[in-house]
Amino acid sequence: MKRKIAYFLVVFIGFLTLLGHFISYPPLNNFIDNDATQWFDIISGFAAFLGVINLLQLHLNKVANKRSNWKFSIFTLVSFIVMIIFGFIYNGSNVAMGPHLKEEGSAFYWMFHNIYLPLGATMFALLAFFVASASYRAFKIRNFEATLLLISGIFLMIGRVPIGQLVPWWMSLEIYIFLLFAIIASRFKEKKTMLYSMIGTMIFMPLLILFFNLSDLGIFKIPEFQEWIMAVPATAGSRAIMIGIALGTIAQSYRIITGRERSILGD
Amino acid sequence: MMNKYIKFIFIPSLILLFYFFFPLQIFLIGNETTFVSILFICFAIEYFIDKARNGEQIYMRPIAAIKAMEEAVGRATEMGKPVLYVPGISSLDQIDTISGLIILGHVAGMTAEYEANLHVPVCVPIVMETAKETCKEAYLKKGRPDLYRDDMVHYVTDDQFAYAAGVNGIILREKPAAIFFQGKFYAESLLLAETGNSIGAIQIAGTGSSSQIPFFVTACDYTLIGEEFYAASAYLSGSPEMLGCIKGQDYIKVGCIILIITVFMCSVLNSYGYINFDISSLFRISVIK
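If you read the protein sequences in the order shown, they are chains A and B.
Just so you know, the first sequence maps onto residues 32 to 298 in our numbering.
Just so you know, the second sequence maps onto residues 3 to 291 in our numbering.
This is chain B alone, in the form it adopts within the complex (with noise of 0.2 Å):
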């Protein structure tokens, strides 16, 4: 317990005071309240790690999106027809390709498992060698390497209108029995998706492009939203570290809708003149200089 005390309250509070009032001037100004909220986030989801590997019992709500990938790589199993996995138009520097890429490994092993034939056309020459390293080792992880084939993750163009068109092209030709739609993209995916609801195929995808959202939905079987698609390797991966994880980012999730009700109700406070403070400078966005 007393571990527990010097983990989350004493070593946050010691940062926060080393930072706020350390005499000689090392840090940079205009970010504290980015770093606040990342430590406080942080120390949040050390504590449900921590939780979970005591073993206490977490309880996740079901994802439909991640309960369908499994069927979807079951049905096309049964159907004898290959898997398509579209990691997005972004490359490395992004966390959306990361996830994707991350999501790609569990996919990869549910492939090898079956026994279905993977398809992934790349768009960033850079993603696929990592796609590539990614799916070799989901193979050689569920002890079937011989089912790897070096042209499973190939190369198709650079640009985002001719990478649409190759992979509408392949969608048409080998009409996959299910597709996988896991990355960062943009203006392609309603032209992605609607080709692959066109020939019939369960369709999951999972962006954190909010603009993408919308076109996903309408377009696809299962859609994985916001911050479920981050969630999704860790949920996959099924291990009590990852899903404290998540658990400690759902209270964080609470404490901004308690926060963000708290900011309005002093805001409307405050403009009737009832409180003489603006809460809300407080969250003023730092530009990072």
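If we strip away everything but chain A, and leave its shape as in the complex, we get (with noise of 0.2 Å):
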């Protein structure tokens, strides 16, 4: 009966807020825009001291038995006691308790932002090392796609720098003889064949763009080259994965509210 009555209340409320966005009724829109999201909210806000609860539980639950790295609990429990005293407690300005969580001279606002902030800072810049691993690793030439995601990384780190500016269009032709050469490497039997066409590539491939008066075309202008890999390839790209994310949800949706997605009730 329990499961049955939240079954009922996921479909009801699943189809009314759906109903809100199409039908022109101004207090189920209201419901839907404003009362809703509150009610949502105020359990939320309830759910906040479960939190607190479990965070203060578990570690104390630690500390007493001594598990395995208990110690850092003690950090935790501190560090939490003391924003509560800081908090709600002790003040040290002269406004009133409330507003002096804003207020410079509070010892809240002081721990905020000399404590806090700069740690919270120091994860977001470790991003910086993170993210030169992981293109590191992508851009291993182990196959042609990551060949491509390469090629494309290259290009894109020199077009979004100010030399990009200053390569002229000959040194990106030649680049692109190289890249060329790099992938059909392997169609080569011999390495003096490849050798020679590539070197007759690189020699006759800038006259023929001369003679053509070719060399003011974007593909030459890394800069200009680099936005249209950003443009087009990469864009259709998302695109194609945000049609299918807004498909996926519409039927995740679908399956919620209709009662057939059952899982997170338990069934």
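Some hints here could point you the wrong way.
As the list claims (entries may be wrong) - Simulated pairs of lysine-lysine, DSS-like, Cα-Cα distance not exceeding 25 Å:
| # | chain 1 | residue 1 | chain 2 | residue 2 |
| --- | --- | --- | --- | --- |
| 1 | B | K177 | A | K33 |
| 2 | B | K177 | B | K138 |
| 3 | B | K144 | B | K134 |
| 4 | A | K93 | B | K134 |
Since the hints were made in silico from the structure, they are not lab data.
As the structure is a computational prediction, the values presented were derived from the model and not from experiment.
Got two chains here, separate frames each, mind docking them using the hints?
Okay, structure coming up:
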């Protein structure tokens, strides 16, 4: 019975919310735009207490039973108590309790700005190093896709720094020729043939471009080429994923509001 | 057969007639495209669910990440190490979080079956309560309520980077053999996935955040991309109804591809003056007021 009530609520509220997006009935529109979200905020607010209790319970248990790494829990508990004291008991400024959270002279504000925010910024800054290590792994030439990724990555990196604008058209052309031969290298049986072909192409192609007066083409300007990579292939790929996500969201929501997806309720 | 015609042709047509020709102004103006799309998608899904329910064999293409889930839990059991499940940093108002929790139910079922240790650090208190219930029910369903511990799912913090630091600490101290990242992620995705990668855990990620997919693809062993993430729970449940739903979704995707090609061709012909109708004007996104 308890579970049936839960299903009924999910289906009822789900259809009500969906209808609210299409039917022009102010009380219903007001319910889905304001009331329902406020109800959610109120429930979340109460759940915050459960979170705090859970955190305290977990770490107190860890310390009391001296479970593995219990010493770290002492730091959590001490930090928790200190922030509670500065938030609810000790003010340290001339303003009243409550507004003191945003008052520069208060102890809470000092703790927040001098300890909490720098720690958050440190974690965020770590991203730079993680991006470097992840890129290194992704750019390793293992297959055709990884090679394409490497090439696009190099063009994007060069194209987005000032030096990219200084690269002349012939140098871009030579880079393309190198890349082309890197891809087709395995097709040559003899290294010498490949070397001579490459040198020949490197000399002949710039002359050909000059003869036809094609040196102003965007493909020979790395900043323009990287813009094209971002605007065309990258956008096409990401939009394909986004269409898939949108369809998946509709299908998942449909399964939930028709009561077919019951795993979340334990079925 | 007659019932099918009534259900999948007559009823949607009736709804459309009602929507577009009802004399009183009860529908919001500007949402017509959205309404027609949702109606069409829902009935297409329903059609395939109906087909699956009637016993028609449905082929599902294998998804490596879903197949690897059980292997990852098995590996963790063999190594005697825990399984870490990260349900993202968003609240229950995001469909990604709900999908993540649904998959958690299946993973918890596997850990109950294999007697592996499950650890679920959570960022949002309301998600913690739901995750607790999901795990408890999964253990109960598998007949192993004795293995469920209340501290299996626990709250860490609401702050994005503090949560990332907390989970990274858990990863480095406990060295789980399998890590699942299933839910809504933002900038912390790479911090978490790279740390997991550094300890050599099998990592299976799934998210609807298109900007975080490249990071997961780079740092994780398997990634559920786009709609695969939402289909995972249906796939794992294995029920014909759910599989029919995925099949319907796939056919709609084929329909979208055909539509995109048609619109592209018509737009090209329109720009060269062969046809005097801008088809793309039909698909302009309307804003729900």
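Hint check:
no.: 1; hint: B/K177 to A/K33; result: 39 Å, violated
no.: 2; hint: B/K177 to B/K138; result: 24 Å, holds
no.: 3; hint: B/K144 to B/K134; result: 16 Å, holds
no.: 4; hint: A/K93 to B/K134; result: 19 Å, holds
Comparing the model with each numbered hint stated earlier shows that hint 1 is the single one that does not hold.
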